[in-house]
Amino acid sequence: MSGLAWFTQLLEVLAAISLAPLFLGWVNQCRAWLQNRRAPSLLLPYRGIRKLFHKDAVLAEGASPLFRAAPYVVFGAMVAAAAIIPSMGTGLPFTTAADAIALVGLFATARVFMSLAAMDIGTAFGTLGARREMMVGFLAEPALLIVIFVASLLSATTALPLIAERLATQAPALYPSLAFTAVAFTMVLLAENARIPVDNPATHLELTMIHEAMLLEYSARHLALMEWAAALKLFNYACIGFALFVPWGASTGEPDPAALLLSMPVLVGKLAVAGVWLALLETVSAKLRVFRAPEFLATAFMFAVLGLLVHLLLGA
Amino acid sequence: MNFTSLDLQLLNTCAALLLLVSFAMLSQRRIVSLVNLLALQGTLLCAATLLLAWRTGQHHLYLSAALTLALKVVGLPWLLHRLIRRLEVYWDTEPLINMPGAMLVGLVTVVFAFGLAQPIAELASTATRNAIGIAVAVILLAFITMITRRKAMSQVVGFLSMENGLFFGAMSATYGMPMVVELGVALDVLVAVLVLGIFFFQIREQFDSLDLHHLESLREDQ
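Residue numbers (my numbering), protein chains in the order written: chain A, 1 to 316; chain B, 1 to 222.
Isolated chain A (complex conformation) (with noise of 0.2 Å):
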C-alpha cells in the first residue's frame, strides 16, 4: 500500500468526523427553510457539542460502567464504519480488514451498546426508547443487508469500496433492482437515524421519543459523544448510499493525487443534495404511530427483497 492510499483513509476519516455535525446542521437549515422557520446556525451542532464538552458530567446513581463506556463505544464503532466506507477515494486500505458485512456489524454493535446502556439506569424512558429502537433495529437491518448483498451481486464482492468501483467504473446501464433497493436504502436510512417518518429528532415528546429517550440520562461530554456519533451515523449512511448509487465522482483505481482533489468537491456537491432531499423528505411526510413504524420499515423490505429478486430473475 502506497503512503497516498493511506493518507485517504486518514482523510476520509478525519473528514467525517468533522463534517458529519456540518452536514446535520446543513439538514437542519434545510429543514427549517421549507418548513418556514428561520434557520438556526449552520454551525449550530459544533457550538452544542463544544458546550457539552465543557460542562461536568452528572452520572446517575446506579450507573454501570457499562453506562459510561458506551459512548465511547458508540462513538468509536461509528468512526471505524467510517474509515470503511469509500466517500473520496476507493483505494483504501481498511478494505481487506473489513467488507459491507462487517460494516452493518458496527452499526448494530453501536445500537446494542446505546440500549443497554439506556436500561442501564433503569429509569422507565430508557427502558422504553431502548425497546422501540430493537423494534426499528431488527427489521431495519435485513433490509439494510439485502441492499448491500443486490449491490454485491451487481459487483461480485462484498468489500464496499470495491462495489463503488466497479458500480462506478462500468457502462452505464439501467438497474431496476439497484433503483428498488435505492428506495428500500432511503426508508431504512429514515428509520435507522431518526427522521422523521419513524422519529422526530427535534422534540422530547415522550410517546413518540426513540432515540432521544436513550439518551435522557447522559450529561456532558457524554452526551456530546452520543450526538456526534448520531450525526456521523447519518453522515455515514450518506457515504454508503453514495458508494452504492452514485458512485461516480470519488477516485477509483490506483491512488491519484489530482483525483482525490477532485473528489472532495464532489463529495460535498453530493451531500449538499442529500441534505435538501433528506430535509424534503421529511418535510412531505408526517410522523407516524410507533405501531405503523413495522410497516414502513417492512415496505423497506419489500423493496429490497424485489430488488434482489428482479435482479436474480432478469439479471438487470
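Worth flagging that the hints you see were computed from the coordinates, not collected in a lab. Ideal Cβ placement from N, Cα and C applies to all residues, glycine included. Incorrect hints may have been included.
[Unchecked claim] To spell it out: a stretch of chain B is covered by chain A in this simulated footprint if at least three of its residues, at any positions, have a beta carbon under 8 Å from a beta carbon of chain A; those stretches are:
| # | stretch |
| --- | --- |
| 1 | 110-121 |
| 2 | 125-137 |
| 3 | 149-155 |
[To be verified] Some, not all, of what chain A presents toward chain B, calculated at C-beta under 10 Å:
| # | residue |
| --- | --- |
| 4 | GLY48 |
| 5 | ALA171 |
| 6 | TYR175 |
| 7 | PHE180 |
| 8 | ALA182 |
| 9 | THR186 |
| 10 | VAL290 |
| 11 | GLU295 |
| 12 | ALA298 |
| 13 | PHE301 |
| 14 | PHE303 |
| 15 | LEU306 |
| 16 | GLY307 |
| 17 | LEU313 |
| 18 | LEU314 |
[Claimed, not checked] Now the in silico label distances, taken between C-beta atoms and shown as ranges:
| # | chain 1 | residue 1 | chain 2 | residue 2 | range |
| --- | --- | --- | --- | --- | --- |
| 19 | A | LEU145 | B | GLN58 | 22 to 28 Å |
| 20 | A | GLY3 | B | LEU123 | 57 to 63 Å |
| 21 | B | TRP54 | A | MET134 | 49 to 55 Å |
| 22 | B | GLU216 | A | THR283 | 55 to 61 Å |
Following the hints, position chain B against chain A.
Frame of chain A, contents of chain B only:
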C-alpha cells in the same frame, strides 16, 4: 429479432415496475387507489407492448397496445370509478391479513413463481423470456389480492390485475397471442366487468353491503 441492450433494459424495467405495482395493490387499503393502481398497471403494460412491437416489428402488437390503452387504462378504470361513485363505496377494504404479513406471503409467492417459470422460460425462444417469471408472479399476486379481500369491488380489481398478468405472460413468452384470442379476451373482460357491475347492485340491494361473506351463509335469516 435484434434487441439492443437498452431495449431489453427498458423492457426489464417495465416488467420490474409491473411487479412493484402488483405489490402496491396487495398492500393498498383504499378501493379508489386500488383502481388507480390498476390503471397504472395497464399503462405499464401498454408501454411494454409498444416497446416490444417497435423492436420486433410485429404489427399486431400495436393493435393490442391500443386495445390495452383503450380498455385497461381508460375504459375499465373509468367504469370502476363510476361504479364506486354510484355505489358510494369509498371505504377502506379491510384486508384479511395485515400488511407486513401480506408482503411476506407475496415475497414467498414471487420466489415460487420464479421457480415455476424457470422451465417455461427455458422452452421459450424470445428475448423477453426472463419476464415470464414476473408475469406468473403478477398473476399469483393478483390471486392473493383477491383472496385477502372481502369486498366484491376489490376482488374484481384483483381479477382484472390477473388478466394483465396473463397478457404480459403471453407477450413475453410468444410476443403476444393471436389477434382473435386477444380480441375475445378483451371483450370477455369488458362484459365480465359490466355483468359484475350489475351483480354489485344486486348484492348491495340484498345485503346492504358489498361484503362477500354474506354470500357464504345458506339461510336468509342470518
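* Which hint numbers does the structure go against, in order from smallest to largest? -> The structure conflicts with hints 3, 4, 8, 9, 10, 19, 22, although it agrees with all the remaining ones.
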